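Top line first, the protein sequences correspond to chains A and B. Residue 517 in our numbering is what sits at position 517 of the first sequence, and the numbering runs on without skipping anything. Residue 213 in our numbering is what sits at position 213 of the second sequence, and the numbering runs on without skipping anything.
Hints listed in this document are in silico derivations from the structure and should not be mistaken for laboratory results. Just so you know, these numbers come straight off a predicted model, no measurement behind them. Please note: incorrect hints may appear among the correct ones.
Quick partial rundown of chain A residues pointing at chain B, CB under 8 Å, derived from the structure [said to hold, decoys possible]:
{"id": "1", "residue": "V44"}
{"id": "2", "residue": "S46"}
{"id": "3", "residue": "S314"}
{"id": "4", "residue": "K316"}
{"id": "5", "residue": "A379"}
{"id": "6", "residue": "E493"}
{"id": "7", "residue": "G496"}
{"id": "8", "residue": "Q497"}
{"id": "9", "residue": "A498"}
From the three backbone atoms N, C-alpha and C, an ideal C-beta is built for every residue, glycine too.
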Amino acid sequence: MKYFNKLTISSVILTLLISIPALLILVNLFTPTTENWEHLKDTVLSEYIFNSLFIMVGVALMTSIIGFSTAYITTMYSFTFSKFYHYALILPFAIPTYIVSYVYAGMFDITGSVTMFILELLGKENVTEVYFMDIMSIEGAIIVMSLVLYPYVYLISKTYLIAESSSIIEASKTMGFSSWQIFTKVIIPISRPAIVAGTILAVMEAVADYGVVDYYGVPTFVTGIFKTWYGMGSVEDASKLASMLMMFIFILIFLEKFQRRNKRYRSSGKDFAPISKIVLKGKSNIFASIFCFLPVFFGFILPFTQMSYWFLLSYKDVIDEDFLRILMQTLSLGIAGSIIITLLAFVFVYNVRIHANKISDYLTQITKLGYSIPGAVVAVGVLNFFSIIDGYFDILLSGSVVAILFAYCVRFLAISINNYESGFSKIPQTYDDACKTMNISQSHKLRKVIFPLIKNAAFASFIIVFIEIIKELPLTMILRPFNFDTLAVYSHELVGQAQVYESSVPAMFIVLLGIISVLVLARKMIKD
Amino acid sequence: MFKKLVLVTIIFASSLMAAAEVNIYSHRHYDTDKKLFKMFEEKTGIKVNVVKAKASALIKRMTSEGKNSPADVLITVDAGRLFQAKQKDLLQAVDSEYLTKNIPAIYRDKDKKWFALTKRSRVAVIRKDSTKENELSTYEDLANPKFKGQIVVRGSNNIYNQSLLAAMIEHHDEEYALKWAKGVVANMARTPKGNDRAQVKAVANGIGEIAIANTYYIGKMVHNKDASQRKAVSKMKIFFPKFENGGTHINVSGAGVAAYAPNKVNAIKFIEFLASPEAQKLFAEGNYEYPVLAGVKSSDLVASWGTFEEDNISINSLGENNAKAVKIFDKAGWK
């Protein structure tokens, strides 16, 4: 009993700590409206809201469809290159969104290399002479973001599907269901928690994006936040906008929770028999292979090829001693951050698990808020928080590595928690009950029962958070100590100097680190 | 005697320690700056510590850090942010004979809280074969319906556009500026997107006739690994528009000493160094900016674009009018 309390108390304290920056932004919801605010309401706010919603819906649809269907196909069927796709489908995740958006614009915008090539083939001089969908548009932004964000859904769904007992499928088969019926009537409903967990992450990331929408000229809620902050010089009004965005995401998370409450599909967990894959032949074999190839091609191969070309032309000028320092700083930040976050998230989720009350659940949801706000706004919250602490203790933590690591927790805990949640939901409640009746101590249960079952989710969380941190840009840039750079920051600076080719060098290292991590993760998933 | 010696040693040591470093918060992120910092270190033995981020974020960080802030110097890429920092009491007045004597009065704060280091002008870029040159004249005229469907320019989120409109407000008034912005929006060849370089590329490839861009981006396009940028810019030439009652729009990149600078002496030395002829030459050669120091020549490439009359309004007004400009853009529907 004492153990429960300790766990709950520590999770309450942690929640408070982690959510303070977000709450410091959220209080702006209640500040009186200003002249700037009235201006926004009268002019651009409705457009911001519409565009942000459009992006959310678009990205949700695209990522859930691409992510889940590919996860399903590669789990249930064996076809040409299916083993390769198992790994490859995660790869787009390794490329930062803003880099893909630059590469795509460089290829497909009105002056892009591919566009020009096609024009040449058609014998036309001018892009206005042909029908042309400009990638630099809201639709383009949705496509680009979805191409790199669908792996969230793919990964979480896949972990879920692999562990989901094959007995359900076998049972459905004996009941005479067709493959399509099994997919729509059985698989989708039981996989809903995983699909939703992945999609919410993708949507939260998309809605908090600034890099892509700013470059593609799409005014969204987030571009509004920055216009208010940078342009009108009002951090307060910008925070007010951010607080509304947070509120909105908060409501979304709760609606989802509320809806799911009545439809709990939890595995009885009687068997973990591996799924016997159906071997596809003929047309369906080709179809499955092409179907999985498309997201890999557009999300990874295409941008990666372009980047490699730029890399080869410029790596000699970029890689020097200083570059190695940046690489080391990136790595240490990434590893430290993901270890801390993976451990913290476990405390939260485990508390909810053994202490199944609403309060623990709400606490956990609150800590997720940080992921829905743009990194730069999180930085504002963190600065506000540390300015209180610094003033009180007369120290200077802002501008230290502590501030950055803390900010990463605020922003990325959601990813780790979502990973654990879907992992935990696979462990049947009967296990906990059994431990209780057998009088197994909590710590023993944790070590011998829970940990072996959850270690995959923990590992996945570590890897995903690691990749997120090395890709992260605005937070790191604003909060970093003196003479501290990361690969993402360096790449961004080079782009700002019009050195697009050179910028591919640090970007390439981010991608390579990401690929290595992703492959390690995928291997582990296959092995287990 | 011994006591005195110890005292002298301590004072000497502490002055040495004080001479050890200078902490820079900079919005500039150019290779040229890296070289300059190294030059300064070699010359003075003062170590340069840098944090680079957007000026607004750095201003927020300085505000939060308050009196404990380690920042000595704030460097921005526009006058508006220097003005903001000054308004928030984040900068202190600096008495430097060198800076006051050598930087023209229009390019430094009258309260000595900031000093411009380089200048950039915002100009019209047209195709070499274009005849638009004969029609182009003033910034005001860009709103003339005769340019319908011809103007290509980036979004209103961008500070350089905000400064241009702030200057328009200063030359006329808000009402006129709104009318002008609406006129330009009506003349746009496409919805604003991409950066300055993207606008130049667009016009080079037949989208619209007139791109609005900062001069130093053109320099960066000329000397670029990316063949498509080189090819695009090779088709283009620069036209320097003027304000009806002024000159070509100028924005500055500049620096000020932080209000609570722990290394104030070094900070001043640092800014003076950036305004020295050798540093100014590097700004001009390496980054295609216009040096603020009289007597330092522009790079050959920049000089080849021709000379122009600089606008005469106060640079501080760009900061003062910035928020108004943002709102006018919103009202005018400039995305």
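Going through the hints against the structure:
1. V44: holds, 5 Å
2. S46: This interface hint is violated because 12 Å lies over the 8 Å limit.
3. S314: holds, 6 Å
4. K316: With a minimum Cβ separation of about 11 Å from chain B (threshold 8 Å), the hint on K316/A is violated.
5. A379: Constraint on A379/A satisfied, holds at 7 Å.
6. E493: Since the shortest Cβ distance to chain B is 4 Å, the answer is holds.
7. G496: OK, holds: G496/A within 8 Å of chain B, min 6 Å.
8. Q497: Hint on Q497/A: holds, closest Cβ of chain B at ~6 Å, below 8 Å.
9. A498: holds, 4 Å
Checked against the numbered hints listed earlier, the structure breaks hints 2 and 4; every other hint is satisfied.
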